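Asker: Protein chains in written order, with the working numbering: chain A, 1 to 164; chain B, 165 to 328; chain C, 329 to 492; chain D, 493 to 656; chain E, 657 to 820; chain F, 821 to 984.
What the hints contain is simulated information worked out from the structure, not anything from laboratory work. There could be a bad hint or two in this list.
What the hints assert, rightly or not - Simulated pairs of lysine to aspartate or glutamate, DMTMM-like, Cα-Cα distance not exceeding 20 Å:
id: 1; chain 1: C; residue 1: Lys412; chain 2: B; residue 2: Asp252
id: 2; chain 1: D; residue 1: Lys576; chain 2: F; residue 2: Asp838
id: 3; chain 1: A; residue 1: Lys46; chain 2: A; residue 2: Asp135
id: 4; chain 1: E; residue 1: Lys678; chain 2: B; residue 2: Glu188
Stated by the list, open to error - Pair by pair, the computed Cβ-Cβ distance ranges are:
id: 5; chain 1: D; residue 1: Thr498; chain 2: A; residue 2: Ala91; range: 23 to 29 Å
id: 6; chain 1: D; residue 1: Thr498; chain 2: B; residue 2: Gly185; range: 39 to 45 Å
id: 7; chain 1: B; residue 1: Arg311; chain 2: A; residue 2: Val17; range: 48 to 54 Å
id: 8; chain 1: E; residue 1: Pro752; chain 2: A; residue 2: Glu26; range: 26 to 32 Å
id: 9; chain 1: E; residue 1: Ala679; chain 2: D; residue 2: Thr498; range: 53 to 59 Å
id: 10; chain 1: D; residue 1: Lys514; chain 2: B; residue 2: Gly258; range: 45 to 51 Å
id: 11; chain 1: F; residue 1: Glu844; chain 2: B; residue 2: Gly185; range: 40 to 46 Å
id: 12; chain 1: B; residue 1: Gly185; chain 2: A; residue 2: Lys22; range: 53 to 59 Å
id: 13; chain 1: A; residue 1: Ser153; chain 2: F; residue 2: Ser859; range: 44 to 50 Å
id: 14; chain 1: C; residue 1: Gly482; chain 2: B; residue 2: Glu188; range: 22 to 28 Å
Just so we're clear, the structure is a prediction, and the values are computed from it rather than from any experiment. Beta carbons: idealized from backbone N, C-alpha and C, even for Gly.
Protein chains: 6
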Amino acid sequence: MTGRLTHLDETGAAHMVDVGGKAETERVAVAAGSVKMQSQTLELIKSGNSAKGDVIGTARIAGIMAAKRTHELIPLCHPLLLSKIAVDIEADEGLPGLHVVASVSLTGKTGVEMEALTAVSVACLTIYDMAKAADKGMIIQNIRLLRKTGGKSGNWSADATGGK
Amino acid sequence: MTGRLTHLDETGAAHMVDVGGKAETERVAVAAGSVKMQSQTLELIKSGNSAKGDVIGTARIAGIMAAKRTHELIPLCHPLLLSKIAVDIEADEGLPGLHVVASVSLTGKTGVEMEALTAVSVACLTIYDMAKAADKGMIIQNIRLLRKTGGKSGNWSADATGGK
Amino acid sequence: MTGRLTHLDETGAAHMVDVGGKAETERVAVAAGSVKMQSQTLELIKSGNSAKGDVIGTARIAGIMAAKRTHELIPLCHPLLLSKIAVDIEADEGLPGLHVVASVSLTGKTGVEMEALTAVSVACLTIYDMAKAADKGMIIQNIRLLRKTGGKSGNWSADATGGK
Amino acid sequence: MTGRLTHLDETGAAHMVDVGGKAETERVAVAAGSVKMQSQTLELIKSGNSAKGDVIGTARIAGIMAAKRTHELIPLCHPLLLSKIAVDIEADEGLPGLHVVASVSLTGKTGVEMEALTAVSVACLTIYDMAKAADKGMIIQNIRLLRKTGGKSGNWSADATGGK
Amino acid sequence: MTGRLTHLDETGAAHMVDVGGKAETERVAVAAGSVKMQSQTLELIKSGNSAKGDVIGTARIAGIMAAKRTHELIPLCHPLLLSKIAVDIEADEGLPGLHVVASVSLTGKTGVEMEALTAVSVACLTIYDMAKAADKGMIIQNIRLLRKTGGKSGNWSADATGGK
Amino acid sequence: MTGRLTHLDETGAAHMVDVGGKAETERVAVAAGSVKMQSQTLELIKSGNSAKGDVIGTARIAGIMAAKRTHELIPLCHPLLLSKIAVDIEADEGLPGLHVVASVSLTGKTGVEMEALTAVSVACLTIYDMAKAADKGMIIQNIRLLRKTGGKSGNWSADATGGK
Numbered sequence: 001m002t003g004r005l006t007h008l009d010e011t012g013a014a015h016m017v018d019v020g021g022k023a024e025t026e027r028v029a030v031a032a033g034s035v036k037m038q039s040q041t042l043e044l045i046k047s048g049n050s051a052k053g054d055v056i057g058t059a060r061i062a063g064i065m066a067a068k069r070t071h072e073l074i075p076l077c078h079p080l081l082l083s084k085i086a087v088d089i090e091a092d093e094g095l096p097g098l099h100v101v102a103s104v105s106l107t108g109k110t111g112v113e114m115e116a117l118t119a120v121s122v123a124c125l126t127i128y129d130m131a132k133a134a135d136k137g138m139i140i141q142n143i144r145l146l147r148k149t150g151g152k153s154g155n156w157s158a159d160a161t162g163g164k
Numbered sequence: 165m166t167g168r169l170t171h172l173d174e175t176g177a178a179h180m181v182d183v184g185g186k187a188e189t190e191r192v193a194v195a196a197g198s199v200k201m202q203s204q205t206l207e208l209i210k211s212g213n214s215a216k217g218d219v220i221g222t223a224r225i226a227g228i229m230a231a232k233r234t235h236e237l238i239p240l241c242h243p244l245l246l247s248k249i250a251v252d253i254e255a256d257e258g259l260p261g262l263h264v265v266a267s268v269s270l271t272g273k274t275g276v277e278m279e280a281l282t283a284v285s286v287a288c289l290t291i292y293d294m295a296k297a298a299d300k301g302m303i304i305q306n307i308r309l310l311r312k313t314g315g316k317s318g319n320w321s322a323d324a325t326g327g328k
Numbered sequence: 329m330t331g332r333l334t335h336l337d338e339t340g341a342a343h344m345v346d347v348g349g350k351a352e353t354e355r356v357a358v359a360a361g362s363v364k365m366q367s368q369t370l371e372l373i374k375s376g377n378s379a380k381g382d383v384i385g386t387a388r389i390a391g392i393m394a395a396k397r398t399h400e401l402i403p404l405c406h407p408l409l410l411s412k413i414a415v416d417i418e419a420d421e422g423l424p425g426l427h428v429v430a431s432v433s434l435t436g437k438t439g440v441e442m443e444a445l446t447a448v449s450v451a452c453l454t455i456y457d458m459a460k461a462a463d464k465g466m467i468i469q470n471i472r473l474l475r476k477t478g479g480k481s482g483n484w485s486a487d488a489t490g491g492k
Numbered sequence: 493m494t495g496r497l498t499h500l501d502e503t504g505a506a507h508m509v510d511v512g513g514k515a516e517t518e519r520v521a522v523a524a525g526s527v528k529m530q531s532q533t534l535e536l537i538k539s540g541n542s543a544k545g546d547v548i549g550t551a552r553i554a555g556i557m558a559a560k561r562t563h564e565l566i567p568l569c570h571p572l573l574l575s576k577i578a579v580d581i582e583a584d585e586g587l588p589g590l591h592v593v594a595s596v597s598l599t600g601k602t603g604v605e606m607e608a609l610t611a612v613s614v615a616c617l618t619i620y621d622m623a624k625a626a627d628k629g630m631i632i633q634n635i636r637l638l639r640k641t642g643g644k645s646g647n648w649s650a651d652a653t654g655g656k
Numbered sequence: 657m658t659g660r661l662t663h664l665d666e667t668g669a670a671h672m673v674d675v676g677g678k679a680e681t682e683r684v685a686v687a688a689g690s691v692k693m694q695s696q697t698l699e700l701i702k703s704g705n706s707a708k709g710d711v712i713g714t715a716r717i718a719g720i721m722a723a724k725r726t727h728e729l730i731p732l733c734h735p736l737l738l739s740k741i742a743v744d745i746e747a748d749e750g751l752p753g754l755h756v757v758a759s760v761s762l763t764g765k766t767g768v769e770m771e772a773l774t775a776v777s778v779a780c781l782t783i784y785d786m787a788k789a790a791d792k793g794m795i796i797q798n799i800r801l802l803r804k805t806g807g808k809s810g811n812w813s814a815d816a817t818g819g820k
Numbered sequence: 821m822t823g824r825l826t827h828l829d830e831t832g833a834a835h836m837v838d839v840g841g842k843a844e845t846e847r848v849a850v851a852a853g854s855v856k857m858q859s860q861t862l863e864l865i866k867s868g869n870s871a872k873g874d875v876i877g878t879a880r881i882a883g884i885m886a887a888k889r890t891h892e893l894i895p896l897c898h899p900l901l902l903s904k905i906a907v908d909i910e911a912d913e914g915l916p917g918l919h920v921v922a923s924v925s926l927t928g929k930t931g932v933e934m935e936a937l938t939a940v941s942v943a944c945l946t947i948y949d950m951a952k953a954a955d956k957g958m959i960i961q962n963i964r965l966l967r968k969t970g971g972k973s974g975n976w977s978a979d980a981t982g983g984k
């Protein structure tokens with residue numbers, strides 16, 4: 001842990017970090033999160049899904065599209081030329097609920113952690129939206145970075161204790 | 165809990181629910197979520213904040229702006245004329261971290277649950293972004309609807325057990 | 329056919345038509361279009377579709393989301409509170425290709441023809457995008473209004489000769 | 493024609509193709525399409541145009557602006573740094589109607605076919621919008637890729653039989 | 657002049673003013689601004705304009721489109737259903753430069769001052785962009801509200817001394 | 821001053837300048853502008869600011885976010901990968917009002933003048949929005965480029981006479 005917030009200048013005003021002098025490197029970030037719901041809600045999603053796959057398919061598309069708009073949503077994020085976005089969603093009867101994992105990569109001057117986290121968040125929100133008529137008590141939880149590679153700060157991986 | 169997903173038609177294909185026949189009523193939704201972090205990270209945010217307020221102030225603005233773009237992010241949400249969006253962010257040394265609460269209201273034909281949840285999510289993502297140089301292990305958690313009022317489905321409130 | 333272009337004022341400069349004095353009525357517009365492709369391409373889409381439904385499911389979502397952004401894309405369109413957007417996509421071995429039909433409704437002061445046509449166009453573009461690795465010669469054709477109801481200009485329906 | 497849909501992974505789920513390993517090359521794509529209308533409608537557009545050029549001028553601007561937003565509209569398109577967008581619109585009394593041709597270029601890792609096709613589509617939609625008070629029966633037709641150059645898949649040109 | 661900033665709550669945190677209780681009234685706002693330039697630059701624009709009208713025509717379209725996106729740009733503005741947007745641009749050899757006037761109207765719960773000011777600002781920026789290869793020293797000046805009508809605060813008109 | 825408008829082709833139609841052949845260089849642009857207001861309004865902003873800093877903090881964020889969307893607002897601007905955006909806002913009792921300075925940089929093929937000017941414009945509009953309940957007569961003035969560096973056209977600096 002470093003002891004400063006790089007978005008704050010010496011007077012405390014918010015600014016975008018200058019990435020002009022950074023090298024272009026291959027960067028990957030993987031983030032995850034979950035939507036916890038009643039088991040009947042999960043059954044509804046799964047059965048709807050086995051017919052046409054729409055809750056999970058729609059949430060996946062929403063997550064991918066949101067990753068591309070991260071810099072419009074998060075005030076101090078840089079616009080980036082993402083090379084790849086993948087969003088995987090899996091049912092977990094034990095939760096019960098759905099787990100979302102997003103993986104984003106680019107060759108560029110700054111990392112893609114926020115893009116992966118945004119993809120996860122919007123996929124989870126879409127799941128909530130599509131199932132909320134059945135279950136308003138769903139909880140979106142445990143949105144976190146799993147790992148990142150590339151860039152000056154190097155590789156980083158969440159502790160096992162930060163897992164799902 | 166009702167037994168159907170209103171976004172899925174009889175063949176399972178995703179569609180927007182038709183709200184044309186619904187009455188315009190006053191509607192309010194309140195959602196909440198948290199960012200859990202190391203206590204030193206919270207201290208950094210608070211000290212930066214006491215000087216210029218930028219992490220919390222920026223996250224609040226980001227949440228308000230995101231609520232207005234909910235229908236662009238969530239595929240099956242309707243565009244809405246929101247009357248009010250408020251985002252409150254509070255430090256909690258016990259977590260340690262920050263709690264975010266968003267309240268959205270409108271007079272219209274459909275509810276604003278997704279707008280409140282989107283405001284909370286993007287405010288949390290902004291907090292993560294602004295503090296991630298210090299602490300990549302922060303976790304966004306417990307994003308949920310606290311209550312809604314108005315509309316045909318009436319009032320709803322989260323169980324005490326769903327609280328923070 | 330009336331003899332003027334309502335977007336042009338008396339000096340020929342483009343402007344938005346003033347809808348302030350119009351009554352709020354229930355309005356519906358239905359538009360259609362097709363993507364013509366090689367029959368092997370259609371087979372690929374259908375087989376991919378039978379497994380996970382992704383080409384057609386993704387194009388449907390893209391069309392719905394694009395309808396909501398019509399006023400951002402078409403310079404003189406008004407922002408509207410759409411009540412419903414539905415996009416249906418069907419395979420036609422005789423074309424060979426896919427037919428797209430979009431239906432949009434609202435209670436408001438101006439019609440939703442452009443929203444329906446935009447949904448069809450973007451759904452067709454998405455189909456092209458997802459199958460272009462196999463077939464760059466696909467043609468998007470016959471995008472047209474099928475019918476509209478409501479509003480001062482009343483109901484309108486395409487001639488049978490304008491059909492597919 | 494290759495036998496796979498590169499947007500579908502082995503399980504059929506939609507994903508963005510990874511372009512991280514691709515070389516940056518000069519790429520150009522040219523697409524075209526037409527709006528067929530009554531000859532009186534074309535005369536109205538042309539006479540409005542000879543005074544102030546607004547239908548054609550507005551449609552050209554709309555097409556250029558839409559090309560820049562392709563990745564927001566088409567779910568699996570990559571964000572790109574376009575170097576050039578040109579949209580040409582020409583009257584054809586024989587159709588009767590207007591022909592639209594868009595040319596897009598960049599130096600980058602993936603092609604710009606979708607950007608050219610999106611520019612054509614939105615220019616055609618704008619023409620429809622600006623003339624629909626006079627003629628709702630207009631048909632947008634024959635939107636297709638004319639040619640592309642650059643990239644690993646090399647050059648491609650539509651058959652003469654695919655022409656207008 | 658009233659003595660408070662309605663966007664600031666009692667603790668000073670930014671929030672959207674609640675317009676839920678306001679009546680829907682007819683509202684109009686008119687704003688203006690100018691781009692001052694060298695007289696040769698104005699001649700270039702006018703001669704280009706007399707041939708095809710593109711600088712002025714493009715700036716007019718850009719202003720109209722920007723008004724529709726005001727709530728995305730200005731953090732605490734409400735989304736609105738604008739009924740009409742008009743942008744007029746006129747050459748003034750005495751300045752020398754161009755004057756821009758935007759008029760926006762709606763029937764709704766809050767005023768459209770910001771929409772009119774945003775249309776003027778973006779039209780002026782577009783003029784600068786299109787002529788900057790010839791003249792980087794242009795100055796955008798005197799952007800102001802000329803008048804507003806409707807709403808609880810009633811009519812307002814700029815002093816003669818605030819004029820151009 | 822050069823004698824042509826590079827956005828106009830030989831027939832006068834608007835087009836995006838082709839930057840494909842340009843070299844990637846380090847580019848910086850600095851722009852400025854002011855909001856003139858009554859001295860009581862400035863006092864309100866400053867006192868609100870001393871408590872929570874919200875008018876100035878919100879305007880700074882709005883300016884930064886708008887710079888990232890310049891290519892969506894200005895029809896012929898290229899999408900760019902900005903490396904840095906900074907917006908500084910300072911009170912001037914002598915005006916009375918606020919001065920806004922924006923500095924934008926990137927390594928790329930085209931300049932960032934429009935991004936800096938857009939950041940200034942939207943920051944000024946946000947100040948107007950947040951203080952307009954107290955003072956509708958505020959004037960946004962003197963928006964101009966202060967200097968640019970990098971690119972084929974080299975460095976440029978406003979005359980001392982163009983200053984504030």
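Asker: Could you work out which of the previously given hints the structure breaks and list their numbers from low to high?
Answerer: 1, 7, 8, 11
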